[in-house]
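Undergrad: Okay, here's what each chain looks like letter by letter:
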Amino acid sequence: MMRLRITTGYAGAVTAVIVSLFTNFSLAGELSKDPGRPLPSTVVVQAVGPPAPVRVAQAAGAPSSRALPPSAGSSDAAQGGIAVEDLLLQKGTITMDDWIRIKGEEEYKQADREKRSDLLEEWKSKVEKLPILTDKVNFGLNALQYLYTHQNAHVAEGKSQDNISIRRSEFLFWGKISENLPRWHALYEFQSINLSNSTPTGNSSTAAGTATAATFFRETYIDYRPVLAWAPNLNYIRMGIFRMPFGIFTETSGGLRDIISSPYLTSVGSGGARDTWNGVAPKNGTNGAIDFIHERDFFIDARGRIGNRLEYAVGLMNNNNYQANATGANAPKSFYSRTRFLATDVSWVSFTVIAGETNNANSNINGRGKGNFDRYGIDFRYTSKLLPGLMLQGEYWQGHDGANQTTVGTPANGACATQSVCGGDGAPGVQRRTWYVYGKYLFTDGLLENFEPILMYEQFDPNTTVGNDLYQRTIVGLTYYFENMPPKIQSKVQINYEFRHHSGNGPGFVPDPTKGVGDPFAQNMLLVQWQIRYM
Amino acid sequence: MTAPMIRFGLAAVLGLFFSACGSSALFQANVLKDVDNDFDFSVWRASPNAVPGRKVQLGGRIIQAEPSNGGVVIVGEQLPIVEHPAYGPSSSGRKRTGVYEFAFLYPGKIESTALTAGNRFIVVGTTQQAKVVSVEGASKTEPYLVAQCVHIWKTEGREISDFPEVGAGYYPLEENTYCATGK
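So the sequences go chain by chain: A and B.
According to my numbering, the residues represented by the first sequence are 21 to 555, in order.
According to my numbering, the residues represented by the second sequence are 6 to 188, in order.
Any given hint might turn out to be false.
Calculated pairs, BS3-like style, for lysine-lysine (alpha carbon to alpha carbon, straight line, at most 27 Å) [unchecked claim]:
| hint | chain 1 | residue 1 | chain 2 | residue 2 |
| --- | --- | --- | --- | --- |
| 1 | A | 460 | A | 196 |
| 2 | B | 100 | A | 508 |
| 3 | B | 114 | B | 100 |
| 4 | A | 149 | B | 60 |
| 5 | A | 156 | B | 100 |
| 6 | B | 114 | B | 136 |
| 7 | A | 508 | A | 149 |
| 8 | A | 135 | A | 111 |
| 9 | B | 60 | A | 460 |
| 10 | A | 196 | B | 100 |
| 11 | A | 405 | A | 353 |
| 12 | B | 100 | A | 144 |
| 13 | B | 100 | A | 405 |
| 14 | A | 135 | B | 100 |
| 15 | B | 114 | B | 38 |
| 16 | A | 149 | A | 135 |
| 17 | A | 149 | A | 111 |
| 18 | B | 136 | B | 60 |
| 19 | B | 38 | A | 144 |
| 20 | B | 100 | B | 145 |
| 21 | B | 114 | A | 146 |
| 22 | A | 196 | A | 146 |
| 23 | B | 145 | B | 38 |
| 24 | A | 144 | A | 156 |
| 25 | B | 38 | A | 508 |
| 26 | A | 196 | A | 156 |
| 27 | A | 149 | A | 129 |
| 28 | B | 100 | B | 38 |
| 29 | B | 145 | B | 60 |
| 30 | B | 145 | B | 114 |
| 31 | A | 179 | A | 196 |
Don't read these hints as lab results, they were simulated from the structure.
Predicted, not measured: the structure shown is a model, and the values here were computed from it.
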């Protein structure tokens, strides 16, 4: 009933306002044709008093226009700084009771609005403190890659030479706690390859059971900045597992790589059992899988930049890959350092040294022996500012592996237990060498906009003292970028064709050149990969 | 000590030497000449027409950039320029209240990737009368200056100090200085 009365009151009031405004606007419209004509006093409807729109006469007891509250709350129609209900009251269209009732309603509404506003402010302040909005916790898709490959190399019965896989499905979490803890980082890999169907029931501290390293655990580290004023000269101390600062490719995220395959410096040669020829394995360190520069490890290092032109990283690593927890993290440690001289902000030359000792027992890195271990590398990148879109990059590495190099999962403890697998007890230490260079050009306009051709050549020599053991590869590629705003966003499709050649595993150990048979590193390969990266 | 180790040691020493020589400022000395080091942004923001013709250096973050006659008008949020952990405009300090927007005209060409929202910049220019600009569809009267030179870091919203270790790998931060012709 009350609502009905209010509604009726509002309807009457609005009708009166429309009529009176229509009258006023009509008059004003006529008057505006003659600006010199004086405004008649009848324009302002009034009961008593002088004809001034800001000082209208009023019914007895009604508030004067000056005494009226601000019209902010009277949003219905505030014309000329006077509220509608005040105007109606002044015109006598509504009674004082109506006026009071309308004002009461408005005050109630205003209070309600203020209450809502306070609530919103309260929630806003709460939301602003959420870790996800304060850079303390972030989430991103590092790389989601769908890969198709075709190779004429021999495959087992029941398998296809057309291979479909999820190359990477990497989710990244990171954040900044404070200036002294500028970054924490964790990366998980959910790819469809290398999955294990066994439940881990043992580890380095358990005598029996199945030791399994789940593949989704890839990276995790903490950065600690001891003194803010020392940065960037000593920017932070990093501890954990991450891509090692060895050259360029090793440290480049999988979602930002320009070719699909990893270069031979990361891994080359057949995995699993080492190659044999008529049951004989060459004892020259050239056969089997070799992970010359491994990508990730347990480490602690210090990093910084001096004079805006020199970056450095110097530290100590466990030297048994990121799965070391499965077999024991306490491998012989190795020292490493990298100094990078920046010619410009995006072009540089850098030098890397790794030195220490390795043990082939419980190794998680293929091709490592027992004894002294070292690596020396030089790398460069030239990103042209004269010809934007052009980039050249290369790395050259050389290093020594101790005796009796073995493959992952092969029992060894200095000596070689299974000679046909380890490469033979007494296999000497080897000096290895590899290099690659590639160039690419990104078209930024025209018909070929967002297309990027790339050409790469590389060599890997597993034993510099032995002939007929060279791996060679030429990669011709074309990339199309759907979105390209690195390092945050990069969605693309890549097509690579690899011309592969493998000389053999030393004199007398030449791979069968017949297509579809033998060494996959001697057979060409086609790769097509779709990628999304967003963070 | 083996010969390779000696060679690499020498390389490191040479790198240090070159780095010491190569320490570079963002702008040439003549660009920074007559810059008002006591310029108070908040006062200018409150009274944008009070101090026309003053040469200033301001750091900030790009909110939007629109091509204009003979150049590009950039609307930015002013940020303090810090020395540590990396030199440049930073928003990692304590939370600020108030409005810090301003606009400037760079009378020249800048490639589109440098004008991405979130990129950090330091601009050297001369204050002008306030100007009405459209920011995300709304007309605003912003304090305004005409740039002589601007240095842009392509951070895309991140802090300068986040680079080069960003996004699960090494990614160098690209930065460039742009100076108007004849300036």
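Undergrad: Please write out, lowest number first, the hints stated earlier that are contradicted by the structure.
TA: 1, 3, 4, 8, 9, 11, 13, 17, 19, 21, 23, 25, 27, 28 and 31
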